[in-house]
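Using full-length UniProt numbering, the first residue of the sequence shown is number 1, and each one after it goes up by one.
In case anyone wonders, no lab produced these hints; they're calculated from the structure. Be careful, since some hints might not be right.
[Unchecked claim] DSS-like, lysine-lysine: derived pairs with alpha carbons at most 27 Å apart:
hint	residue 1	residue 2
1	61	102
2	40	102
3	40	77
4	95	79
5	61	77
6	40	84
7	84	95
8	40	61
9	61	84
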Amino acid sequence: MISVTLYKDTAVLYTVYRGREYERVISGHGEVNLLLEALKHINVHDELEIYADSRIYGVLKNRWIDRWVENGWVNSKGKTVRDKEAWQQVYERLKDYTYTVKRRQV
Numbered sequence: 001m002i003s004v005t006l007y008k009d010t011a012v013l014y015t016v017y018r019g020r021e022y023e024r025v026i027s028g029h030g031e032v033n034l035l036l037e038a039l040k041h042i043n044v045h046d047e048l049e050i051y052a053d054s055r056i057y058g059v060l061k062n063r064w065i066d067r068w069v070e071n072g073w074v075n076s077k078g079k080t081v082r083d084k085e086a087w088q089q090v091y092e093r094l095k096d097y098t099y100t101v102k103r104r105q106v
């Protein structure tokens with residue numbers, strides 16, 4: 001077994017806040033997709049440490065993702081989880097991992 005440490009750091013340089021044809025871009029979208037891409041390259045038998053300073057920390061450390069699954073991907077405010085499709089893929093990949101999540105400014 002290999003120990004894998006994953007650090008996340010994303011930023012959105014340009015965002016669109018106005019315009020009907022554009023959905024507002026937020027850094028959380030990039031973060032969940034970055035995590036998903038990293039998980040695609042890690043063996044399920046590896047021990048995984050995830051360091052994050054953002055929404056990913058709360059979602060994984062506080063097991064919000066498990067509650068979303070139980071609630072049909074609806075959050076505590078009664079709305080569909082933002083980036084639902086990406087989080088569903090993260091959930092499917094992480095459910096077989098042994099992982100820890102640690103808060104760290106990266």
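query = Can you list which hints this structure breaks, lowest number first?
reply = Hint 3 is the one this structure does not satisfy, whereas the remaining hints hold.
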